[in-house]
Amino acid sequence: MDFSKPVEFIIISPNDGEDNQRLDRFLSLRLDWKSRQYWLGMLKEKKVFVNERIVKKSYKVLKGDQIKILLPDFYTQQFDYTKVPLEIIAEDADFVAVNKSGNMAVQPGGEYIQNNLLNRLRYYYRQENPEPKTDVSIVHRIDRETSGVIIFAKNQRAATGLATQFENRIAKKDYLAIVHGVLEKPQGEINAPLLATKDRHVIVSNLGKPSLTSYKLQKEIAIGSLVLCSPHTGRQHQIRVHMAHLGHCLIADEFYGGLKDRQNPNLMTRHALHAFQLNINHPISKKPLQITAPMPADMQALCDL
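The working numbering applies: residue 1 is where the sequence shown begins, and numbers increase by one.
Since the hints were derived computationally from the structure, they do not count as laboratory data.
Just to be clear, a hint being listed does not mean it is correct.
Unchecked claim - Here are the simulated BS3-like cross-link-like pairs (lysine-lysine), alpha carbons at most 25 Å apart as the crow flies:
1. Lys198 with Lys185
2. Lys185 with Lys219
3. Lys5 with Lys47
4. Lys34 with Lys63
5. Lys133 with Lys286
6. Lys57 with Lys47
7. Lys60 with Lys34
8. Lys44 with Lys68
9. Lys172 with Lys209
10. Lys57 with Lys68
11. Lys46 with Lys63
12. Lys44 with Lys63
13. Lys60 with Lys47
14. Lys5 with Lys133
15. Lys133 with Lys287
16. Lys172 with Lys287
17. Lys60 with Lys5
18. Lys44 with Lys34
19. Lys56 with Lys44
20. Lys172 with Lys198
21. Lys198 with Lys209
22. Lys83 with Lys5
23. Lys46 with Lys68
24. Lys219 with Lys172
25. Lys46 with Lys60
26. Lys60 with Lys44
27. Lys34 with Lys198
28. Lys260 with Lys219
Required output: the full structure, derived from the provided sequences and hints.
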């Protein structure tokens, strides 16, 4: 769904395997950018119609049902995307790579349903630099607070070519992290399985998925260490959890040991992690691409303390 332009309603239908479940559950799973409680509220306010009829939340959806949702006024107003930072660092007809700002969501979700990078790009190619055939889509993600390189496809063929490289671990990503303390070893590997919990955290657990991160000290600084981290697997919060597991949590990482840093005005308002470099093949020509993004000002300021 494209929320980069005003939307009054959306219409969805169950896909194969999604039928025969309660309407409220179906909505929370399909439209997971809002909670089940939110969709229960929309049902109570009679903002959801099934085949043009109001139904109970317990209604079992059927294949072929047309489910229409009337959206709040918030979605019908044009968001001012010109105020959202956008730094394009590489592009052609098939892809666009952006140096994402820290504290910017990549895709619509929760309070960022409009204010996110995907919508910003869609607005850019529709209004500021019109490319009628461009259809921007996500092929990988980085955390909202993480800055740096992220690549998007501009057509379906490119989306397949890029996404396949991330799925098969052909794409290589390098990150710069500022962590507490001095590393015992200047370089090494962290091989520790990771498990996502119900509270949106990730923990090291034997029940988790295999996860491997290489790291190399770049330099020791007044506040800790600047480290180059290279994940060989693509688990959620992988670098953040692995560095904390090593005993060196990221500066200002409120989930994994750096919460108190947020109270220091001289430190950062986000975790100190930057997607520094992406090595990937062009989705169509297969030519190798190396895309880099310089260290952002907030992390550079920590290195200069």
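Hints versus structure:
With a CA separation close to 33 Å, the supplied pair Lys198 and Lys185 exceeds the 25 Å bound. Between Lys185 and Lys219 the CA atoms are separated by roughly 12 Å; this keeps the pair inside 25 Å, and the hint holds. A C-alpha spacing of about 20 Å is found between Lys5 and Lys47, which places the hinted pair at or below 25 Å, so the restraint holds. Distance check on the hinted pair: Lys34 and Lys63 sit about 23 Å apart at the alpha-carbon level, within 25 Å; holds.
With a CA separation close to 22 Å, the supplied pair Lys133 and Lys286 stays within the 25 Å bound. For the given pair, Lys57 sits about 12 Å from Lys47 by alpha-carbon distance, which is consistent with the 25 Å threshold. Between the alpha carbons of Lys60 and Lys34 the distance comes to roughly 20 Å, so the proposed pair stays at or under 25 Å and holds. Of the pairs offered as hints, the one joining Lys44 and Lys68 holds, with about 14 Å between alpha carbons and a cut-off of 25 Å not exceeded.
This hinted pair checks out: Lys172 and Lys209 have alpha carbons roughly 19 Å apart, not beyond 25 Å. For the proposed pair Lys57 and Lys68, the alpha carbon gap of about 14 Å is at most 25 Å, so the pair holds. Between the alpha carbons of Lys46 and Lys63 the distance comes to roughly 22 Å, so the proposed pair stays at or under 25 Å and holds. Using a Cα cut-off of 25 Å, the hinted pair Lys44 and Lys63 holds, with the two alpha carbons roughly 23 Å apart.
This hinted pair checks out: Lys60 and Lys47 have alpha carbons roughly 17 Å apart, not beyond 25 Å. A threshold of 25 Å between alpha carbons decides the hint, and for Lys5 with Lys133 the separation of about 17 Å falls inside it, so the pair holds. Distance restraint check for Lys133 and Lys287: the Cα-Cα separation of roughly 23 Å lies within the 25 Å cut-off, and the hinted pair is therefore satisfied. Proposed proximity of Lys172 and Lys287 is supported: the alpha carbons are some 15 Å apart, at most 25 Å.
For the hint linking Lys60 to Lys5, the alpha-carbon distance of about 31 Å lies beyond 25 Å, and the restraint is violated. For the suggested pair Lys44 and Lys34, the alpha carbons sit about 15 Å apart, so the restraint of at most 25 Å is met. At roughly 9 Å between alpha-carbon atoms, Lys56 and Lys44 fall within 25 Å of each other, so this suggested pair holds. At roughly 29 Å between alpha-carbon atoms, Lys172 and Lys198 are farther apart than 25 Å, so this suggested pair is violated.
Annotation: proposed proximity of Lys198 to Lys209 holds, straight-line Cα distance about 16 Å (limit 25 Å). With a C-alpha separation of about 15 Å, the suggested pair Lys83 and Lys5 falls inside the 25 Å cut-off, and the hint holds. Annotation: proposed proximity of Lys46 to Lys68 holds, straight-line Cα distance about 11 Å (limit 25 Å). Annotation: proposed proximity of Lys219 to Lys172 holds, straight-line Cα distance about 22 Å (limit 25 Å).
Distance restraint check for Lys46 and Lys60: the Cα-Cα separation of roughly 17 Å lies within the 25 Å cut-off, and the hinted pair is therefore satisfied. For the hint linking Lys60 to Lys44, the alpha-carbon distance of about 16 Å falls within 25 Å, and the restraint holds. Restraint check for Lys34 and Lys198: satisfied, since their Cα atoms lie roughly 16 Å apart, inside the 25 Å limit. Between the alpha carbons of Lys260 and Lys219 the distance comes to roughly 24 Å, so the proposed pair stays at or under 25 Å and holds.
Hints 1, 17 and 20 from the list above are not met by this structure, while the remaining hints are.
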